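Novice: Working from the sequences, and respecting the hints, build out all of it.
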Amino acid sequence: MILAILRVMWLGLLRDRGALAMAFILPPIIFVIFAAIFAGASGDEMRLRIVIADLVDDASSQALVTALQRDEQLRAHADAAMDEPEVRRRVRMGEADVGVVIQEPLAAPLLEGSARILVIADGGRAVAGPMVAGRLQALIQRELPEVGLTRTVQLVDILLDGYTDEQRRQLTLAMEHADTEQAVEPVPLVAQESLQGQAGSDGAVNYYAGAVAMLFLLFAAMQGAASLIDERQSGVVDRLLIGPGGSSVVVLGKGLFLVIQGVLQIGLIFLVAWLAYGVDLPGNFLPWLMTTLMAALAAAGLALALCVSCSTRQQAQTLSTFFVLILSAVGGSMVPRFMMPPWLQDLGWFTPNAWAIEAYQAVLWRGAPAAELLTAWAVLGGVGLAALGGAVLIAHRLART
Amino acid sequence: MASATLRETAAVPDDSLVLRVSDLHFGYPGRPVLRGLNLEIRNGEIFTLLGPNGAGKTTLVKLLCGRFRPASGFVELLGRTPGESASARRALGLVPQEIALYPHLTARENLQTFARLAGVTRSHIAEAVNFALSVTGLDSRSGQQVRQLSGGYQRRVNIAAAIVHRPRLMLLDEPTVGVDIDARQAIQQLVRTLAHSGMAVLLTTHDMDQAASLSDRVGFLLEGRVDTQGAPDALLTQAFGDRRELRITLEREPAAAQQKALAAHGLAATADARIWWGESHAGSEPADALTGALETAGMQVRELRLRRPDLSSLFQRLTATRGVRR
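Protein sequence lines, in the order shown, are assigned to chains C and D.
Oh and the first sequence: position 225 is 225 in our numbering, straight run, nothing missing.
Oh and the second sequence: position 199 is 199 in our numbering, straight run, nothing missing.
Derived from the structure by calculation, the hints contain no laboratory data.
The structure displayed is predicted, hence computed values, not measured ones.
Incorrect hints may appear among the rest.
[Stated by the list, open to error] Stretch-level coverage of chain D by chain C, calculated; a stretch enters the list once three of its residues show a Cβ under 8 Å from a Cβ in chain C:
{"no.": "1", "stretch": "57-68"}
{"no.": "2", "stretch": "95-102"}
{"no.": "3", "stretch": "116-128"}
[As the list claims (entries may be wrong)] Distance windows between CB atoms, simulated:
{"no.": "4", "chain 1": "D", "residue 1": "D209", "chain 2": "C", "residue 2": "S248", "range": "48 to 54 Å"}
{"no.": "5", "chain 1": "C", "residue 1": "G18", "chain 2": "D", "residue 2": "R308", "range": "51 to 57 Å"}
{"no.": "6", "chain 1": "D", "residue 1": "P32", "chain 2": "C", "residue 2": "P244", "range": "52 to 58 Å"}
{"no.": "7", "chain 1": "D", "residue 1": "G119", "chain 2": "C", "residue 2": "H396", "range": "16 to 22 Å"}
{"no.": "8", "chain 1": "C", "residue 1": "I33", "chain 2": "D", "residue 2": "S85", "range": "54 to 60 Å"}
{"no.": "9", "chain 1": "C", "residue 1": "L385", "chain 2": "D", "residue 2": "S85", "range": "27 to 33 Å"}
{"no.": "10", "chain 1": "D", "residue 1": "G151", "chain 2": "C", "residue 2": "D230", "range": "54 to 60 Å"}
{"no.": "11", "chain 1": "D", "residue 1": "T121", "chain 2": "C", "residue 2": "S248", "range": "54 to 60 Å"}
{"no.": "12", "chain 1": "C", "residue 1": "S248", "chain 2": "D", "residue 2": "D227", "range": "37 to 43 Å"}
{"no.": "13", "chain 1": "D", "residue 1": "V301", "chain 2": "C", "residue 2": "H396", "range": "58 to 64 Å"}
{"no.": "14", "chain 1": "C", "residue 1": "S248", "chain 2": "D", "residue 2": "R308", "range": "51 to 57 Å"}
{"no.": "15", "chain 1": "D", "residue 1": "G151", "chain 2": "C", "residue 2": "S248", "range": "29 to 35 Å"}
{"no.": "16", "chain 1": "D", "residue 1": "N130", "chain 2": "C", "residue 2": "S248", "range": "51 to 57 Å"}
{"no.": "17", "chain 1": "D", "residue 1": "T121", "chain 2": "C", "residue 2": "Q315", "range": "35 to 41 Å"}
Even for Gly, the Cβ is constructed at its ideal location relative to N, Cα and C.
Specialist: Right under this line is the structure:
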């Protein structure tokens with residue numbers, strides 16, 4: 001009998017093109033968009049737009065402007081008429097992501113004046129400022145070594161309580177003859193390494209595959225579970241309640257369908273992640289499947305428990321949108337949890353999203369053994385079963401009112 | 001419709017008792033609904049339950065389906081209690097007022113689903129579905145999705161879904177709401193066919209004409225009991241004899257003094273303050289004299305109708321004499 005309800009749900013989905021697209025086409029598309037955004041954000045694809053005002057206009061500043069314009073990670077625009085107010089205006093108007101104002105000679109005395117370069121970023125693009133600042137440091141070190149040398153000489157003079165006259169004379173002479181064209185590649189003080197996942201997959205892509213999967217899993221489950229309300233209002237449930245299965249069959253049949261739909265839905269997202277971004281799905285298929293089953297069970301249970309408690313579809317839609325957005329925001333489906341304040345990160349553990357995303361990361365990025373995943377599976381499965389049991393009880397109660 | 005198929009396959013009809021409801025009491029907190037209701041329906045009988053909104057018809061149907069437990073009294077379906085016996089519930093076919101079907105499924109797929117959920121075994125589903133399609137005249141539409149069918153055909157599928165497991169008692173709630181005259185007649189004929197095959201039918205409706213033309217017996221559910229039950233013609237003869245119903249429509253609502261004058265002529269108010277109702281018999285005041293008297297009292301009579309009383313007349317009388325709000 002449960003299979004009869006499953007068949008009804010399946011045929012209903014197949015014959016509703018809108019619902020079919022929402023369930024199986026939209027999630028992979030949204031995932032691809034997210035992956036493109038966040039994989040690009042950590043790579044070379046961003047190409048920030050910057051405007052430059054060179055208020056100093058000496059050899060060093062001109063060299064820096066040229067270096068910025070040549071840099072392939074930036075789209076730099078500079079012209080002689082540009083001043084600081086104009087730079088601020090353009091950033092504020094969104095015509096540029098970041099403004100760069102060279103406001104003091106780069107090699108000016110170390111303790112005099114203000115910052116040599118001012119980086120102006122819109123508050124709404126806060127991350128762009130530090131990115132350009134870092135890029136500037138790297139360019140100055142590579143393209144204008146004499147600036148760094150001059151500042152180092154001045155720093156040593158201050159810290160070591162001044163040079164002798166003879167030392168100062170020799171330094172000045174040496175500086176005049178310094179070969180700044182010489183290619184010097186010092187061993188960096190700080191090196192950066194971006195860890196790759198199994199099979200070289202991108203961590204951000206892995207993360208967002210799980211994040212988007214959970215978001216759509218919850219939405220699709222809520223949508224499917226809301227059919228309970230339609231059936232109650234149309235009298236279908238009244239008809240079914242006199243059957244031998246009663247309300248339990250209806251709830252469990254829908255639950256089974258939602259789990260299968262969820263597995264297919266997540267499967268499509270990760271299929272795209274495997275084919276387009278190299279996420280190692282085949283190599284971790286069984287733990288991935290187990291995680292997916294548990295996540296789909298949690299989503300189905302929660303959706304059914306919520307929808308069975310609602311008396312109208314509108315009420316269910318309002319509540320489900322509210323819950324899905326809150327769970328997804330707190331659970332890391334929208335913004336990575338490491339970017340959240342600690343208390344919000346802790347709160348995230350009360351959402352299925354956080355458990356599922358972490359489990360997918362563990363499976364597909366770290367290749368974690370099953371033992372490491374047992375807690376996540378138990379939490380997701382436990383939530384799903386408890387919510388499903390609750391939904392059955394509520395439906396049973398409602399049948400007697 | 002293929003009634004022959006039904007006759008061949010249905011249980012042999014006799015007049016044994018299918019449903020017995022005895023001294024049934026039920027209520028919601030602070031609101032008693034059923035107060036000692038008694039009802040019996042036999043094989044092949046069409047019983048129509050009439051009553052004002054809120055009288056408890058839906059509550060009674062839920063009690064018959066075993067969804068509620070009686071406060072006292074009992075419901076027996078084929079000698080078993082529906083609330084406790086799945087086999088008793090299996091003897092029920094429910095046709096809700098709404099189109100209680102899956103709109104995106106075809107008629108056949110709907111029937112397959114409801115047959116399975118009613119407990120028909122897999123090996124018998126095809127036969128059960130073909131039976132229901134044939135009886136309801138849906139063979140040619142079985143492959144169409146319900147949402148693509150006309151209102152009349154949707155109503156037929158609604159009934160087919162209730163009989164697909166061949167119940168002994170069919171509960172029909174307003175089965176012809178929103179359908180045209182042809183479809184309504186087809187559905188009424190279908191109900192007769194089902195009853196003729198031996199299926200007992202309990203119909204709840206507000207349509208007095210339908211109740212009169214379709215029912216073997218009718219009963220009025222008033223004040224928590226089935227008041228005045230019997231064959232429609234017998235009830236009308238018993239209640240009205242050779243009297244006629246008098247209905248007067250005034251141009252304007254009568255003032256208080258005019259209302260007293262109307263009452264003095266044996267007329268009672270209806271829900272519409274301009275329409276007054278009474279009974280006329282051999283010794284009654286002639287219509288012309290009554291009209292003259294009312295006009296003398298300052299009332300303008302727009303229409304005066306004299307007709308043979310029907311079930312709505314009886315319903316009106318019963319609710320008026322008991323002060324039941326309709």
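Novice: A separate judgement is required for each hint: does it hold in the structure or not?
Specialist: Tested hints:
no.: 1; hint: 57-68; result: holds (count 4)
no.: 2; hint: 95-102; result: holds (count 7)
no.: 3; hint: 116-128; result: holds (count 4)
no.: 4; hint: D:D209 x C:S248: 48 to 54 Å; result: 42 Å, violated
no.: 5; hint: C:G18 x D:R308: 51 to 57 Å; result: 56 Å, holds
no.: 6; hint: D:P32 x C:P244: 52 to 58 Å; result: 32 Å, violated
no.: 7; hint: D:G119 x C:H396: 16 to 22 Å; result: 19 Å, holds
no.: 8; hint: C:I33 x D:S85: 54 to 60 Å; result: 57 Å, holds
no.: 9; hint: C:L385 x D:S85: 27 to 33 Å; result: 31 Å, holds
no.: 10; hint: D:G151 x C:D230: 54 to 60 Å; result: 19 Å, violated
no.: 11; hint: D:T121 x C:S248: 54 to 60 Å; result: 20 Å, violated
no.: 12; hint: C:S248 x D:D227: 37 to 43 Å; result: 39 Å, holds
no.: 13; hint: D:V301 x C:H396: 58 to 64 Å; result: 59 Å, holds
no.: 14; hint: C:S248 x D:R308: 51 to 57 Å; result: 53 Å, holds
no.: 15; hint: D:G151 x C:S248: 29 to 35 Å; result: 33 Å, holds
no.: 16; hint: D:N130 x C:S248: 51 to 57 Å; result: 29 Å, violated
no.: 17; hint: D:T121 x C:Q315: 35 to 41 Å; result: 38 Å, holds
Figure legend: structure checked against the earlier numbered hints; hints not met, in rising order: 4, 6, 10, 11, 16.
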